[in-house]
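Just need the whole structure built from these sequences, with the hints factored in.
Okay, here's what each chain looks like letter by letter:
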Amino acid sequence: MKLFFKGFAAGFKEFGHSISKTINVVTLLFVFIFGIGLVALFSKVGRKKFLPMTHPEKDGSYWADKASTNKTKEESLRPF
Amino acid sequence: MIVLGISAFSHDSSAAIIKDGELVAAAEEERFTRKKHDFSFPYNAIRFCLQKAGVTINQVDCIAFYEKPLLKFERIMSQFVYSFPRGFTAFAKTMPSWINEKLHIRGIIKRKLKYLGNIYFIEHHLAHAASSYLMSPFSESVILTVDGVGEWASATYGFAKDNEIHLEKEIRFPHSLGLLYSAVTGYLGMSVNNSEYKVMGLAAYGKPLYVDKFRKVLDVKKDGSFALDMDYFVYHYRMSMPSKKFIEEFGPARKKEEEITERHKDIAASLQKVVEDTLFLIIRNLHTKYSCNNLCMAGGVALNSVANGKILKETPFKRFFIQPAAGDGGTSVGAAAYVYYSLFGNNRSFVMKHAYLGPSYTDEQIKKYLEHYHVKYTLFKNDNELTTNVAKLIYNNHVVGWFQGRTEFGPRALGARSILSNPCNPKMRGILNLKVKHREKFRPFAPVICVEDIHDYFDVDKEVPIAADYMLMVYPIKKQKQKLLPAVTHVDGTGRLQVIRREQNPRYYSLIKEFGKLSKVPILINTSFNIRGEPIVCTPHDAYLCMMGTGIDYLVMGNYLIKRDDNPKHMWDSEKYATD
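Chains as they are written, first to last, in our numbering: chain X, 1 to 80; chain C, 81 to 660.
None of these hints come from the bench; they were simulated from the model. Hints may contain errors.
Unchecked claim - Result set (BS3-like, lysine-lysine): computed pairs, CA atoms no more than 27 Å apart in a straight line:
1. C:Lys643 - C:Lys515
2. C:Lys249 - X:Lys48
3. C:Lys324 - X:Lys44
4. X:Lys21 - X:Lys44
5. C:Lys190 - X:Lys73
6. C:Lys325 - X:Lys49
Please read all numbers here as calculations on a predicted model, not as lab measurements.
Structure representation (structure tokens):
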């Protein structure tokens, strides 16, 4: 009897995991298509490149200026 | 003033604490949880740091986090937008942890630690830079950081003077020397973010026949700045790394258990050559630009000890410094140090002179453990008796587990949690692999030598950098000495040595000297005290378990000597648990 209930509980737990995984995937797919997809579409229309696949070159160098976001204590309190 | 540094949710979570200018404690979470490269919130490491500093969380003035999470999130979202409609698998895998944890780091820290003070977010590469420069003995230095990727940057350089660090330039994702190395590591069938050092070891067996092909992949300018041809990679939208084009160019990728062929060795050698050449070019240019003879390096690429060993020869720099946890684990130290010294302007007084910053166990605690588990042991009365006897055991080709004092901070075992054995025995590499480590045959074992003996055995720089104390430098072993050291001489005649100074670890130092009296060679094999795929041992229980599951003959914990054969009842087979 004890074994039966133990197995029953484990099965339910697994079922719960599968359900939450499925909901997660469906939600993420929705966000991916309508969130990321739309931004990607507009960026293509507006010719905005989000990733420098070809590294911008300046004066024969790939080094880019680094703007620090940690110059002051206030800036450093921000997570961005 | 007390600052707690935290690194979490990427890989190698860690914590560090600076109290009144001194780095009191630092530890990686993996040592406590026993999960290699553990990326979870470093609760255990934080608790240890607070205990060691003798403070509660309420006494901590501020917390420093090792990156700007929202900048990193921006980069990750940019990857998905750029790659759309590809990349859903990676999106589905990464987003839950961002939504649940990484976007709420301030809240998580405050909630988990019940902390009410300020939390400072320090850019990833700035934390790397600070972890090196602010721990170094230099009052001014050029700084170079190179790793996989932080928020956006994958490499930065700049200059530091007194408390000020100014990172001037950067290379931005997806162009990355670290990710190139990781991509090839994955291509060669080894685990990414873990086995890069194996590729470095493998490189010595090959010839750099693929350099021209790598030049197509990596464009390097005269000043050393670089960009990748991203047609060869897919890591910006997939969990794997090299693309079909890379495989067309270099041949099929190696599967995990597949035999390593000459082609694999040549690819590793070519990669190492290209990475070294690029690094040296950058470093030479930095010397010209800043006219300063001190160099501080950090980031995962700074763990490339083969390249490090050549820096002073190949570039005009006279001195350089790398701290023992140069990878992401060390950023907790860097973030804390940056807040303490640079943001708050406190005077610099601390220099990192050793890596023994983790937890330790007293003889009383060890005895309590041994007696609780009915372990048979011998107690040594003093240091002299201990070192003389243990040196004899090693001289007689026994493998000894060495558990002494505080654990090391960083990926290398440096004589606190080490396995020691006889480097003069030509069979010792095989014995160690068979009995304990179960690791790939091509990987060399490392020697440890006392500082004053180093010039007798190694072709080192005139002034040996402190990085050699942390096993971060590979140097050639003198030709006439290579025959004396068959177990630690790599195929190319080099050794990844650890230099030890008496003041760092007197007992370890004396042991090496005692062994030298017996063998006429004051060098030991020092390898990490763990089985393959496990973190280095931390507690007496970890050490005892490791000994009993492997073929380690003796374990020296504090003043206690435990012989494996006297305690046969806890046998288990470590090979079952060994992973990559």
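A quick look at each hint next to the structure:
no., hint, result
1, C:Lys643 - C:Lys515, "15 Å, holds"
2, C:Lys249 - X:Lys48, "24 Å, holds"
3, C:Lys324 - X:Lys44, "25 Å, holds"
4, X:Lys21 - X:Lys44, "32 Å, violated"
5, C:Lys190 - X:Lys73, "19 Å, holds"
6, C:Lys325 - X:Lys49, "23 Å, holds"
Comparing the model with each earlier hint shows a violation of hint 4 alone; every other hint is respected.
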